[in-house]
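Listed below are the residues making up each chain.
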Amino acid sequence: MATLLLLLTPPVLSAALAAVVRPYRRAVGWANALLSLVSIGGALTLWAHVLAGHVVTSGPGEFLRVDALSALLGFGVSVVGALAAWLGPGLSRGEDYDAIQTRRFRIFANLFTFTMLFAVSASSVGFMWIAIEATTITSAVLIPLHLSKASVEASWKYILLSSVGIALAFAGTVLAYVDFVAIVGRQDAALNWPVLVAAAPSLHPEVMRLAFVFVLVGYGTKAGLAPMHTWLPDAHAEAPAALSAMMSGVLLAVALYAVIRWAAVANATLGAAFTDQFFLGLGLLSLGMAAFSLVRQHNYKRLLAYSSIEHTGLVCVGLGLGPLGTFAAMLHLLNHTLAKSMLFFLSARVQQRYQTTRIGEVTGLLQTMPATGGLFAAGLLALAGLPPFGIFVSEFALLRAGFAAGRFWAMGLVLLLLTVAFVGVIAHLNRMLYGAPSPRVPRGEPSRWPLIPLALCLAALVVLGLTIPSPLERLIAGIAGTFVP
Amino acid sequence: MDATFSQLAMLGSSLMLIFGLILLWRRRVPAYINAFTGQSVALAGVAGATGYFGTESELYWVAAFVLLLKGLVIPSLLRRMGRRFGSERELDPYVNTATSLLLAGLLVLFGYAVMRPLVVTSRLPTRASMALAMGLILVSLFVIVTRKKALTQVVGFLMLENGIALLAILGTYGIPLIVELGVFLDALLGFLVMQIFVYRIHETFETIDVEQLSRLRH
Numbered sequence: 093m094a095t096l097l098l099l100l101t102p103p104v105l106s107a108a109l110a111a112v113v114r115p116y117r118r119a120v121g122w123a124n125a126l127l128s129l130v131s132i133g134g135a136l137t138l139w140a141h142v143l144a145g146h147v148v149t150s151g152p153g154e155f156l157r158v159d160a161l162s163a164l165l166g167f168g169v170s171v172v173g174a175l176a177a178w179l180g181p182g183l184s185r186g187e188d189y190d191a192i193q194t195r196r197f198r199i200f201a202n203l204f205t206f207t208m209l210f211a212v213s214a215s216s217v218g219f220m221w222i223a224i225e226a227t228t229i230t231s232a233v234l235i236p237l238h239l240s241k242a243s244v245e246a247s248w249k250y251i252l253l254s255s256v257g258i259a260l261a262f263a264g265t266v267l268a269y270v271d272f273v274a275i276v277g278r279q280d281a282a283l284n285w286p287v288l289v290a291a292a293p294s295l296h297p298e299v300m301r302l303a304f305v306f307v308l309v310g311y312g313t314k315a316g317l318a319p320m321h322t323w324l325p326d327a328h329a330e331a332p333a334a335l336s337a338m339m340s341g342v343l344l345a346v347a348l349y350a351v352i353r354w355a356a357v358a359n360a361t362l363g364a365a366f367t368d369q370f371f372l373g374l375g376l377l378s379l380g381m382a383a384f385s386l387v388r389q390h391n392y393k394r395l396l397a398y399s400s401i402e403h404t405g406l407v408c409v410g411l412g413l414g415p416l417g418t419f420a421a422m423l424h425l426l427n428h429t430l431a432k433s434m435l436f437f438l439s440a441r442v443q444q445r446y447q448t449t450r451i452g453e454v455t456g457l458l459q460t461m462p463a464t465g466g467l468f469a470a471g472l473l474a475l476a477g478l479p480p481f482g483i484f485v486s487e488f489a490l491l492r493a494g495f496a497a498g499r500f501w502a503m504g505l506v507l508l509l510l511t512v513a514f515v516g517v518i519a520h521l522n523r524m525l526y527g528a529p530s531p532r533v534p535r536g537e538p539s540r541w542p543l544i545p546l547a548l549c550l551a552a553l554v555v556l557g558l559t560i561p562s563p564l565e566r567l568i569a570g571i572a573g574t575f576v577p
Numbered sequence: 005m006d007a008t009f010s011q012l013a014m015l016g017s018s019l020m021l022i023f024g025l026i027l028l029w030r031r032r033v034p035a036y037i038n039a040f041t042g043q044s045v046a047l048a049g050v051a052g053a054t055g056y057f058g059t060e061s062e063l064y065w066v067a068a069f070v071l072l073l074k075g076l077v078i079p080s081l082l083r084r085m086g087r088r089f090g091s092e093r094e095l096d097p098y099v100n101t102a103t104s105l106l107l108a109g110l111l112v113l114f115g116y117a118v119m120r121p122l123v124v125t126s127r128l129p130t131r132a133s134m135a136l137a138m139g140l141i142l143v144s145l146f147v148i149v150t151r152k153k154a155l156t157q158v159v160g161f162l163m164l165e166n167g168i169a170l171l172a173i174l175g176t177y178g179i180p181l182i183v184e185l186g187v188f189l190d191a192l193l194g195f196l197v198m199q200i201f202v203y204r205i206h207e208t209f210e211t212i213d214v215e216q217l218s219r220l221r222h
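Residue numbers (my numbering), protein chains in the order written: chain P, 93 to 577; chain B, 5 to 222.
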């Protein structure tokens with residue numbers, strides 16, 4: 093109970109503090125930054141509990157429930173939440189945001205973190221849905237922090253498409269619940285995930301198929317899976333960098349989390365073959381769409397956004413490849429969270445210095461900002477799947493799982509598309525790193541300490557590229573064991 | 005008893021679907037708002053009837069909430085927006101009225117096809133109406149996709165939510181009340197945020213025609 097509060101209350105406290113103190117004061121930002129570390133502590137404690145073999149539950153009717161999957165996602169969300177608290181608007185000087193905008197960011201970013209943490213720790217799929225719907229509301233408010241035509245347009249697309257998608261996911265939830273009530277009868281805990289899974293073998297397969305398709309399309313919209321991804325590049329490119337990092341780094345993962353929960357229910361009713369074909373199909377489609385969009389990008393924030401679709405697609409493919417594939421997918425999820433949030437924060441530094449998001453107008457990055465440029469290059473190389481970074485290991489594990497499962501054609505296609513994406517990313521990176529810097533762009537780093545947490549992300553990626561630490565391996569093995577029959 | 009209930013559920017669901025179809029052939033914002041209000045009242049009626057015949061007292065609360073929130077609060081907020089943007093009519097949707105109505109008819113049929121497994125396995129007196137709820141969900145989606153004014157899209161989204169609520173009431177006699185309350189809260193907050201954005205779109209683009217929102221095509 094106490095550890096769950098440790099995880100969930102810090103963002104609420106930070107949001108309340110930012111709401112009460114007006115105008116914004118820097119002390120609020122520092123309190124927020126320190127509280128975000130408490131949240132990480134809570135996540136790590138939960139992780140330890142789960143590894144000790146417990147499923148942590150609390151509240152009336154097991155309202156909150158943390159198993160291996162929740163622990164992994166909870167950790168990811170709290171880490172990116174902390175990065176946003178430390179590097180978001182409101183701590184260092186000389187930023188583009190005024191006090192009103194900073195206060196709004198601190199309120200809603202913390203609420204956003206809270207809704208994501210709540211989504212992964214709620215036991216009931218009903219509350220999970222409510223929390224994920226709330227993530228749309230809390231994040232959409234922040235996209236037009238700088239009011240412009242483009243940001244208003246991006247946030248309208250985001251809120252409309254995500255709300256509609258989420259509504260469809262609710263329709264899927266209701267359809268499954270209709271069948272549950274028809275067979276098991278009404279009971280208060282019926283929407284609790286363990287109860288659903290236990291009852292799943294007796295549910296009607298035809299109804300479950302229908303329900304899962306609704307859930308997959310619904311949460312898949314939020315996860316940025318093609319062809320429901322159209323909101324994603326706009327929203328990620330127009331949002332403030334800290335919000336893009338949170339959306340790309342963990343919001344997509346939280347939406348996939350909801351799909352995985354439902355896939356476990358559907359698998360118990362239908363066997364894994366049904367969900368596998370959807371995961372493989374949507375995953376490959378997203379991967380393909382993103383790989384070719386990466387090649388013809390002119391805007392580096394959109395480049396990062398399309399890369400998120402690519403990696404979400406990869407995770408999705410992994411989920412369709414049995415226990416080994418699920419293991420690789422979860423590892424990939426964590427790697428992508430680290431790499432992508434780091435890159436979005438770096439992109440903010442580049443944008444602040446060059447005052448543009450066009451790739452063609454950013455030249456000589458390594459000369460202008462050596463440290464930022466170096467980290468940016470390392471991050472993009474990691475995303476492109478080069479060793480010694482973690483993404484190489486998880487992509488390799490994914491391909492191996494696919495070949496072991498006999499999916500030769502699909503894996504061949506994945507390899508081909510990964511190559512396309514690789515070429516796209518590297519070509520754009522080269523254009524930004526080298527060349528003569530424009531004379532109107534001042535040289536040097538604007539501030540140094542924000543580079544420390546970002547370098548830590550990169551260090552973690554390198555560690556994950558060399559070895560998978562035993563606690564992580566056991567946690568992910570626990571997920572693969574629970575969710576794949 | 006069951007026969008009466010079945011017919012009442014069918015009547016309520018049909019009314020809701022017809023109110024949904026109004027979005028396809030009327031062009032003025034006040035007509036949309038009235039249609040949504042009528043639909044919400046019908047939803048409250050179905051909830052109340054299901055509560056009475058299914059002896060689920062929780063559904064009376066749901067009916068009261070629907071009436072208060074979707075029958076009163078949201079329509080009055082919509083009317084305020086309507087007074088501001090009401091002059092912007094839905095003159096030139098992506099799909100014209102005649103084709104829209106035809107496609108909506110096909111969507112309702114498709115709803116019947118989609119819901120067949122559920123209708124066949126269910127023993128509830130309300131089972132026949134569930135297909136209409138699915139029809140309403142699909143028609144609302146169609147409205148959101150094919151209409152150009154932000155305000156029309158918002159009303160379409162609200163009707164989509166009504167369709168899902170109808171499905172939940174007919175199929176399960178109500179999801180657990182605590183979850184239902186959370187859903188209502190989300191619906192209200194979501195609507196309020198959408199409202200803010202409609203005003204923002206109007207401020208920055210001087211129209212609520214989302215066809216003008218095309219800067220971000222790459």
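I should point out that these hints are in silico values taken from the structure, not numbers from a laboratory.
Every value quoted in this text rests on a predicted model; they were computed, and no experiment measured them.
Every residue, glycine too, gets a C-beta built ideally from N, C-alpha and C.
Please note that a few of the clues may not be correct.
Stated by the list, open to error - Okay, the calculated bits of chain P under chain B, using three or more residues with CB under 8 Å as the criterion:
| # | region |
| --- | --- |
| 1 | 215-228 |
| 2 | 232-246 |
| 3 | 253-259 |
| 4 | 263-270 |
| 5 | 273-279 |
Going down the list of hints, with the structure as the test:
1. Under a criterion of three residues with beta carbons nearer than 8 Å to beta carbons of chain B, the stated coverage of the region 215-228 of chain P is upheld, 8 such residues being counted.
2. Given as covered by chain B, the region 232-246 of chain P passes the check, having 10 residues with a CB less than 8 Å from a CB of that chain where 3 are the minimum.
3. Counting residues of the region 253-259 of chain P whose beta carbon lies closer than 8 Å to any beta carbon of chain B gives 3, which reaches the threshold of three, so the coverage claim holds.
4. Coverage of a stretch by a chain is defined here by at least three residues with a beta carbon nearer than 8 Å to that chain's beta carbons; for the region 263-270 of chain P and chain B the count is 5, and the condition holds.
5. Evaluation of the coverage hint for the region 273-279 of chain P: fulfilled, as 3 residues show C-beta separations to chain B shorter than 8 Å, against a requirement of three.
Consistency note: the structure conflicts with none of the earlier hints.
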